[in-house]
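*Asks:* Turn these sequences into a full structure, and let the hints steer you where they fit.
Last residue of the sequence shown: 896 in UniProt numbering, with the numbers rising by one and none dropped.
Everything labelled a hint here was simulated from the structure, so no lab data went into it.
Distance condition first, Cα-Cα at most 25 Å in a straight line; then the derived DSS-like pairs of lysine-lysine:
no.	residue 1	residue 2
1	Lys-9	Lys-51
2	Lys-709	Lys-779
3	Lys-716	Lys-890
4	Lys-55	Lys-24
5	Lys-505	Lys-539
6	Lys-540	Lys-505
Label pairs and their calculated CB-CB ranges:
no.	residue 1	residue 2	range
7	Ala-892	Asp-770	14 to 24 Å
8	Gly-493	Pro-619	30 to 40 Å
9	Ser-38	Ala-326	28 to 38 Å
10	Arg-759	Ala-611	25 to 35 Å
11	Glu-439	Val-382	14 to 24 Å
12	Asn-338	Arg-32	43 to 53 Å
13	Asp-839	Gln-708	45 to 55 Å
14	Gln-708	Lys-878	53 to 63 Å
15	Glu-793	Leu-733	23 to 33 Å
Glycine is no exception: its CB is placed at the ideal position from the N, C-alpha and C atoms.
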Amino acid sequence: MAASNKSKKVRIYDLAKELKLDNKRIIEDARREGHDVSVPSNTIPEDIANKIRNKYFPKQEAIAPRAVRVVKKAVRPAPEETRTEAAASPVPEQVEIAPAPAPSPPTGETQKQAQPAAVRRVLRRIAPPPIEQGAPPSVESAQPAEAAAEPTQEPPAQVEAEKSVQPTAPAQKQTPPEAQAPVEAPKPKAGQPQVKVIRLTPPVGGIPRPTEPAKPTRPERESAARAERARTQELHEQPEETRVPQTTYIPPPDARRRGARTRHARKEKIVERDVLPPPRPRSLEERLMSAVNVASGELKPIRLVEGATVKDFAEKIGLKPKDVVALLLQRGVLATINQTISNEAAIELGRRFGYEVKFVPFEEMVAEEEFEDLIETGADDVEVPRAPVITVMGHVDHGKTSLLDAIRATDVAAHEAGGITQHIGAYSVHVPNPDNPSEMRRVVFLDTPGHEAFTMMRARGAKVTDIVVLVVAADDGVMPQTIEAIEHARAAGVPIIVAINKIDKPEANPERVKTELAQQGLTPVEWGGDTEMVLVSAKKRQNLDVLLETILLTADLLNLRASPTRLASGVVLEAKLDRGRGPVATVLVQQGTLRIGDPFIVGQVYGKVRALYSDRGEPVQEAGPATPVEVLGLQGVPQAGDQFQVVTDIARAQQIAQHRQMLARQSALVQTVKRGIEALGEKEVKELLVVLKADVQGSVEVLKSTLQKLSTDKIKVKVIRSGVGAITESDVLLASATQAGAKNTAVVIIGFNVRPEARAAELAKQEGVDIRLHSIIYKVEEEIRAAMLGMLEAVERERVLGRAEIREVFRVPRVGNVAGCMVTEGVVRRSARARLVRDGIVIWEGNIASLRRFKEDVAEVREGFECGVGLENFNDIKVGDQIEVFTIEKVAATEL
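*Replies:* Structural data, given as structure tokens:
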């Protein structure tokens, strides 16, 4: 039996539902019993479940439906029927219990099994009605009557007397007497005792039909009916396992009126028992959870598109939209079925109903199959070795482009504006294999700008590379952009090879450079570190073969591979608008093979490949992994750094691109509204609005970032339009309209490596729009800074003209006091302002009313001469005071 109990399992939530308890409470009890459970869906053995049941609802010897009997004391007609020695007593005190049936005599084995399920009786002694004649009967005389009333086949009953003079004798086994007809009970009188309800729990085997008792009177029937209704309600509220025998006293109808309690009632024993409150009404969420049968344990993942409506979310989790609206309303969110549900609300509701909600972009939902094919490696994909991608980084003017020119045998640096690189250049170079000199291997080099403004380009170059070659000048050492390049390479997790350039210069000191690099965490291999350092000279072409050999060996250790059979994917290095060819993007293909005619999507732009050109400008038909090419056929100019992806359907690519454009417009609108709200609390500041046009998209990004950093509290710099290509009439019209309708603003058009169209230049002269053209980035920054200084108001500065000492005070009628002064420094002018200083404290400041010398009015008096000075509306002057003469000048601002 025990083995079957252990083998049988009970789920936590089933047991909790059975006992009407919380799942957490059952889990805690099961853990105390030594069974490790964590969620309501776990199971526990039957024996542990029984222990938990007994803890909250203890059982008696048997569990079975109970019979409810209402019994009152009845006076027996003949004393001789008691067969006791008290036959001569007039009216003995008797206690009547509900008669038990007399079953057939059981066998020994049956009797042993029946004993644990014996009926437990609770006896209450009831006082007899008052009798005028005779003395009260003794307790001894009542004992035989009690023994005679009990059948012989029943086991000894546990008798609980509320009040008795002495303990009642135990029941004795006798042969079952004949069932006697009950005596009709007399009508209740004033002193009649209380009516008692005895609930019996008979054996599981069944309840034999007892002898028909005397019919109760009408008040008794009403009281019994009320008790039965109350008990029936309790039975409906409690599980069957909790129905244990209970004793309930029902007073007579006139008990409350009498207001008296007997000694028995005052001293009766109160039996405590657990009373379960009625079940509370379930909330909407609980009803829905039970209706959809929420499973416990792991959450089921579902994908939801960004911006999904309440209706879409309801369909995903299997609820009605109106129910989801009600649940959101309970959480303080007012929404309709067609409104967008917030990510937080969807995730929280999804968890409540057993789902893990994941939001994905629209394009991922639309082209899910295509994107999964691109990410996962198919069974027919074969990865082959590919060429390494090397990014050359370092401080400005340390010789990065010159080093690449020496490797490629070209002269790119000589044609760059200002002698500095301002774009990312991608070059494919064939170099000899160090293992087999007759075999050529291909290496892709990316040349990044070293100027401090091109941080974004350097970061972008570090993300797409396999190896970083850090160029450091031997005569200059580690500089700020050198440290920045090291940080970018470490963030990208790519190895670093250091090329110490310009070793041919007399002032070169490679050992100092190595020491500075070691301080940055790049320890040379010869010093016990892991960073390869090669001494080279781009100008003299020294040790270039050693540098290439080091690059190829490092690439071999990385085991670089790619699949040429996938749909092509890559990253945009640069993008521009060519006058004759339209939008052109320089793309580094990373996976697959890009061919003419492939539909693609890149950022917010889609298109179809019309032509491919190599880094040397030669047309090609296809480009494999690790190949930089120029792509024609775009519908617009993409952003540098956007992911380039070939798709199977041009219509789907157009749909995804349009959705991305919509999201970008919404984001820009939100930013505009946010800036407008923030400006409400700001002071009125001047603005310099810029229309920015450049040759490539990378330069546009750099210039926007540089110009916006120039903003101060007094002047804000805002780029109202940016793009690639020549300056057009549309740009001029925008600048003109903005300048005409704005206050405290100035508008300028900046062209970087581009020129205005002929009609645009003519229109700019007519509208008075300022166009500034530049080819070096730091010149643009200086131009904008000068324009900002010009917008600032002139600064007022005080200039002291001279000083005079008061040596005499003259009192002039109708004029007041006049100071007789000696000019001790500079000049005293009548048109200037003056202040009176006494003991180093300014007493007065104002205008000079009169200036005379020998009774003649003069304009000014120079140092060393005497004069009379009258101060405007001020007469409190004393000998020894100083008069300081000054003027206020306005000068142009020199600081932002």
